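K.L.:
Sequences are here, hints too, so could you generate the full structure?
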Amino acid sequence: MVEGEIKLLGTWPSPFAIRVKMVLQQKGLSYEYLEDDLLNKSELLLKHNPIYKKVPVLIHGDRAICESLVILQYIDENWSKTGLHVLPVDPYERAFARFWAIYVDDKLVTSFIGILKATTEEAKAEKIADTHAALELLEGAFKKCSAGKDFFGGDSIGYIDVTLGSCLAWIKATERISGAKLLDEIKVPLLMEWVNRFLATDCAKRTLPDVERVEKYGRDLQVTRWNVVPAK
Amino acid sequence: MAGSGTSDVKLLGAWASPYVVRARIALNLKEVQYEFLEEQFGTKSELLLKSNPIYKKIPVLIHDEKPVCESMIIVQYIDDVWINSGPALMPADAYDRALQRFWTVYVDDKFVPSLFGIMRSPTEEAKAEAKEQALASLQLLEEAFGKISKGKPFFGGDTIGYLDIALGSFLGWMKAFEEMNGFKLLDDTKTPLLCAWADNFCNNEVVGAVIPETAKLVELAKVMQARYKSAPPAN
Chain W
1 MVEGEIKLLG
11 TWPSPFAIRV
21 KMVLQQKGLS
31 YEYLEDDLLN
41 KSELLLKHNP
51 IYKKVPVLIH
61 GDRAICESLV
71 ILQYIDENWS
81 KTGLHVLPVD
91 PYERAFARFW
101 AIYVDDKLVT
111 SFIGILKATT
121 EEAKAEKIAD
131 THAALELLEG
141 AFKKCSAGKD
151 FFGGDSIGYI
161 DVTLGSCLAW
171 IKATERISGA
181 KLLDEIKVPL
191 LMEWVNRFLA
201 TDCAKRTLPD
211 VERVEKYGRD
221 LQVTRWNVVP
231 AK
Chain S
1 MAGSGTSDVK
11 LLGAWASPYV
21 VRARIALNLK
31 EVQYEFLEEQ
41 FGTKSELLLK
51 SNPIYKKIPV
61 LIHDEKPVCE
71 SMIIVQYIDD
81 VWINSGPALM
91 PADAYDRALQ
101 RFWTVYVDDK
111 FVPSLFGIMR
121 SPTEEAKAEA
131 KEQALASLQL
141 LEEAFGKISK
151 GKPFFGGDTI
161 GYLDIALGSF
171 LGWMKAFEEM
181 NGFKLLDDTK
191 TPLLCAWADN
201 FCNNEVVGAV
211 IPETAKLVEL
221 AKVMQARYKS
231 APPAN
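Those protein sequences? They're chains W and S, same order as listed.
Each residue of the first sequence is one higher than the last, beginning at 1 in full-length UniProt numbering.
Each residue of the second sequence is one higher than the last, beginning at 1 in full-length UniProt numbering.
In short, the hints are calculated from the structure, not lab data.
These numbers come from a predicted model, not from an experiment.
Check each hint, because a few of them may be wrong.
Stated by the list, open to error - Here are the computed lysine-lysine pairs in the BS3-like style, where the Cα-Cα straight-line distance is at most 25 Å: (1) W/K144 x S/K66; (2) W/K117 x W/K107; (3) W/K144 x S/K216.
P.N.:
This is the structure we're talking about:
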């Protein structure tokens with residue numbers, strides 16, 4: 001394990017930065033958080049992530065690690081003897097966790113952001129349906145890997161929990177902005193129970209932004225960047 | 001834990017898919033006996049639809065009847081399970097591992113789409129742009145190789161590893177596009193390190209056995225260009 005100061009470059013609404021905060025917290029690691037401005041990117045960001053110029057970036061001593069899921073695995077592996085495992089130990093369960101984390105980013109995130117970006121009612125309806133479908137699949141995944149326990153990670157918060165959990169403020173904000181119910185206790189009952197449990201954890205309370213703040217931010221983006229005419 | 005009988009491990013795939021080649025190289029390096037179940041181009045078998053209902057794509061590794069999907073997840077799984085067989089596919093140090101993973105994401109997100117953009121582009125202009133993007137990606141990968149390999153033949157050091165497999169599995173298609181279009185993607189003057197790496201990679205016995213022949217890929221590419229204007233052979 002390499003020692004050294006830890007810095008996290010992020011932005012307050014980014015689920016990708018939030019999930020890194022969650023894992024650092026789970027591991028009991030202290031770090032300096034540096035808020036970046038995506039409209040005016042810092043020197044530090046451009047220096048340490050020249051390829052994508054995106055947050056989050058974890059700076060550990062003289063190392064810079066980019067891409068949120070790569071960062072999560074780095075933290076888990078570098079501090080493997082500290083705190084609880086984020087990824088499961090069993091190879092099959094690890095593969096399962098990796099698969100669903102990628103699924104959250106590829107399918108779920110693109111769907112709910114798609115709801116916000118939609119400029120027609122048809123497009124919006126399509127993205128709402130996609131989001132429901134993705135959440136239903138995640139319900140199935142939860143059923144399989146939780147084995148009746150509280151989290152995707154079993155007794156403790158794990159890889160899928162933070163990947164999906166870091167999106168919850170945005171999912172709730174999207175519900176408010178679009179007027180569509182996404183987290184539906186009838187369609188995804190187990191997932192709803194997980195949502196409520198997760199939101200009650202210290203991990204979530206200390207890292208997720210207020211839904212109201214995200215809602216305002218989302219509405220601003222719709223108008224200033226995505227050319228979406230506000231519905232209400 | 002690790003089954004040695006062929007019935008324990010099955011791989012659903014297709015000869016031309018670079019994603020399937022990734023899984024095969026990993027299995028071969030780890031000396032795992034497996035049954036290769038070839039999917040027919042243009043159709044999806046019952047077993048595939050049942051094993052990968054989410055994406056319905058190859059490769060799918062089925063180990064003791066449990067499916068693992070997504071090529072690099074499969075490679076990591078193979079490395080995790082057959083830990084005492086063959087070389088380690090991932091380095092020991094957490095930061096080195098992070099670099100392998102970061103550049104693998106880069107290959108999949110940036111390099112591969114521009115590479116197949118060369119084949120799929122409807123106009124000469126679009127094709128030229130795809131080619132420029134592919135070349136720019138390879139330039140970045142050349143620099144990364146310089147840093148990561150630390151003077152050794154592979155991204156993985158002395159032996160083929162995770163990132164070697166991620167990128168190297170596309171060498172068959174790269175050579176096919178070079179031949180079809182009369183230009184070079186890997187060039188001695190611009191990407192000398194990657195040229196040497198590509199030779200070392202393709203000359204490896206385990207790799208040579210599964211990388212598809214350039215001539216066959218060229219033939220397939222022509223059929224695909226005529227028939228489809230969209231996705232490459234498989235995921």
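K.L.:
Can the restraint linking W/K144 and S/K66 be considered satisfied, given a maximum Cα separation of 25 Å?
P.N.:
holds (13 Å)
K.L.:
Is it true that the CA of W/K117 sits at most 25 Å from the CA of W/K107?
P.N.:
With Cα atoms ~15 Å apart, W/K117 and W/K107 stay inside 25 Å; holds.
K.L.:
Next pair to validate is W/K144 with S/K216; report whether the Cα-Cα distance is within 25 Å.
P.N.:
violated (42 Å)
Hint violations for this structure: number 3 only, all remaining hints satisfied.
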